[in-house]
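101 is the number that UniProt numbering gives to position 101 of the sequence shown; each next residue is one higher, with no gaps.
Honestly, the hints are just simulated from the structure, not real lab data.
All residues carry an ideal CB built from backbone N, CA and C; glycine is no exception.
You can trust all of the hints, since none of them are fake.
No more than 27 Å apart at the CA atoms, straight line, and that leaves these computed lysine-lysine pairs for DSSO-like: (1) K32 with K21; (2) K169 with K155; (3) K21 with K44; (4) K142 with K192; (5) K152 with K142; (6) K83 with K103; (7) K169 with K137; (8) K546 with K360; (9) K290 with K307; (10) K214 with K165; (11) K169 with K125; (12) K125 with K165; (13) K27 with K70; (14) K175 with K211; (15) K120 with K169; (16) K137 with K125; (17) K524 with K310; (18) K108 with K65.
With beta-carbon atoms standing in for the labels, derived distance ranges: (19) Q97 with Q47: 19 to 27 Å; (20) K108 with K137: 18 to 26 Å; (21) Y163 with G234: 32 to 40 Å; (22) D171 with I235: 21 to 29 Å; (23) K70 with S46: 31 to 39 Å; (24) L117 with G234: 43 to 51 Å; (25) K192 with K70: 53 to 61 Å.
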Amino acid sequence: MERQREFVAKREARKNEDFKKTELAAKREVRKDKNYRRAEAESKKSQRDNPDIRQMERQRELAAKREVRKDTNYRRAEAESKKSQRDNPDLRRMERQREFVAKREARKNEDFNRRELAAKREARKNEDFNRRELAAKREARKNENFKRNETKKKKIARQDENYRKHESKRDFHRKQEYRSHPENLENERLKKQSSRQKNLDIDRCYEKTVKSTKRKNIDFTDHEKDLKKKRTHGITLDTCIRNFKKKINEGPTYICTSCHQTWFCDSVVNSKTIKMNTPANMSHCFTNFKSVQHIEWICHTCLNAIKRQKIPRFAIANKMGFPQKPKELNLYPLEERLLSLRIPFMQIRQLPRGGQLSVKGNVVNVPVEVQPTINSLPHTLEKSGTISVKLKKKLEFKKCDFSENGRPFAVICALHYLMRTSDFTEQEDNQDENDSDDDSDHFSEVDESETHVGNTDTLLDHIPDDNPLCDAGLTFAPGEGQRPISLYSDPDAEYLSFPTIFCGQRRPDNKDRSVSVHYTDIVKWELRSMDRRVAQSVPNIFFKLKKIQLKNISDKVNLALRRCQSEGKKWTAKDVLNPNTVNDLVRLDEGYYIFRSLRNFSSIP
Numbered sequence: 001m002e003r004q005r006e007f008v009a010k011r012e013a014r015k016n017e018d019f020k021k022t023e024l025a026a027k028r029e030v031r032k033d034k035n036y037r038r039a040e041a042e043s044k045k046s047q048r049d050n051p052d053i054r055q056m057e058r059q060r061e062l063a064a065k066r067e068v069r070k071d072t073n074y075r076r077a078e079a080e081s082k083k084s085q086r087d088n089p090d091l092r093r094m095e096r097q098r099e100f101v102a103k104r105e106a107r108k109n110e111d112f113n114r115r116e117l118a119a120k121r122e123a124r125k126n127e128d129f130n131r132r133e134l135a136a137k138r139e140a141r142k143n144e145n146f147k148r149n150e151t152k153k154k155k156i157a158r159q160d161e162n163y164r165k166h167e168s169k170r171d172f173h174r175k176q177e178y179r180s181h182p183e184n185l186e187n188e189r190l191k192k193q194s195s196r197q198k199n200l201d202i203d204r205c206y207e208k209t210v211k212s213t214k215r216k217n218i219d220f221t222d223h224e225k226d227l228k229k230k231r232t233h234g235i236t237l238d239t240c241i242r243n244f245k246k247k248i249n250e251g252p253t254y255i256c257t258s259c260h261q262t263w264f265c266d267s268v269v270n271s272k273t274i275k276m277n278t279p280a281n282m283s284h285c286f287t288n289f290k291s292v293q294h295i296e297w298i299c300h301t302c303l304n305a306i307k308r309q310k311i312p313r314f315a316i317a318n319k320m321g322f323p324q325k326p327k328e329l330n331l332y333p334l335e336e337r338l339l340s341l342r343i344p345f346m347q348i349r350q351l352p353r354g355g356q357l358s359v360k361g362n363v364v365n366v367p368v369e370v371q372p373t374i375n376s377l378p379h380t381l382e383k384s385g386t387i388s389v390k391l392k393k394k395l396e397f398k399k400c401d402f403s404e405n406g407r408p409f410a411v412i413c414a415l416h417y418l419m420r421t422s423d424f425t426e427q428e429d430n431q432d433e434n435d436s437d438d439d440s441d442h443f444s445e446v447d448e449s450e451t452h453v454g455n456t457d458t459l460l461d462h463i464p465d466d467n468p469l470c471d472a473g474l475t476f477a478p479g480e481g482q483r484p485i486s487l488y489s490d491p492d493a494e495y496l497s498f499p500t501i502f503c504g505q506r507r508p509d510n511k512d513r514s515v516s517v518h519y520t521d522i523v524k525w526e527l528r529s530m531d532r533r534v535a536q537s538v539p540n541i542f543f544k545l546k547k548i549q550l551k552n553i554s555d556k557v558n559l560a561l562r563r564c565q566s567e568g569k570k571w572t573a574k575d576v577l578n579p580n581t582v583n584d585l586v587r588l589d590e591g592y593y594i595f596r597s598l599r600n601f602s603s604i605p
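Let the hints inform the model, and build the full structure from the sequences given.
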């Protein structure tokens, strides 16, 4: 009670400025005594063991400091005093440790963390502050312990998925901002280039690993494909159209030295450096053929095979090529038909839009005898003499399928050449009846009144209705009375139908080639070849199409028959017409949609 009364009395007396000054002077005088100071310090230490007294003392000191720091001179003097003290490394270290402990304790409070983060964000808007902070970090990272602790903290923080997303987003925006300047982009490119030259294998392996990891994510693969499309075709529609016109401005005029196929500029590379690095056993794949800019080009298909030290399947060295065409076989379409041992009848029509040609229905492969046709030709002595020739399916038909002026002398000369050099000089007069089991329509069942519109170099171009009937010149029906043969069962049909293309010679067999080649690959080569004899023959193109379709159907039907296990089951027409039954058959490997891969065919089992 007495202490409390004394404490209240002192507080009341200290409101007087004179009393405070007198008390302060007395304390200073007394503190000159060491014993007094020691006793006072011990008393304060014992009092500070009490948390309430310590808290009150801190608050009192804090309030006193705030009041004193309102004076500018005091603040300046305090700052100078601190600067002089910080020159001492021990004091500076102690101060940092004290601040570090105080901050760690304060950061346990969420409000303090929020205020500190907001203050940092506000401060980082200043470029000078960012520069100073970056310089301080660089200086601190020279210390191994600091770097180790920083790495440890980042590893712990990156275990949080939200932190990883935020970090990747922040890095992405920072890189985007950095790369928006052309100078930074060029510097980055030069750094990467120099790094790859120093560590080429390591860098490639690292990039391959990183990309393979990223490509497991579907979003990344879609983004990569989208970027590739934009790079190739452009972002806007106008850019796409401009790029397309630029690419088709120059046609496929680049010829590969290995396969002699025509390509666009994007599909070939200069073969000069490739020839230098090619082994001696692969040098025969290069034919020294030069095309655009008098440079020897090579396509990517042949290049990939040569890199694997394999002969390209399209290479001339693999016996891909046409026989030499003599001048005797420079014939017009109808002249070619007169000496062909097969006539492929087909309906070729012009589409209403675009003017492209299309084939309707089946290709009817009809065997013919050449001798009666040749005997009917007038043996004129003039080499340039021509006669009007009309080709019909039957002589009794009023309209002809093909009409053209022919040169009897040229036809006879071509026939003599083929008889001397052809592999097909001896042909059977009649074919077995079993050869036509794969054709649904017969040659004698063609509608007489149907009109066929198309170019004059096709086989089934009828004369329009307003033209006069074919009653002038020579009229032939070489296929009349003959039974059609299936394309699938007549392996020589293409050679016999187009003697001006194959010159009466067969293609080399796969046994004679270094690398086996499928018929579809042969068709691709013949259409892309620098020798345009096939590409300019519309009937031959449609002939190849029908032959490939028949081959695909036959292969799939045979596969379905081999794998289908009915186990005594029977299906009626009602079951086949039921979609659920059909789906069950396909799902259980008891039936196959064999026409699905063919264009213009419905998916039927």
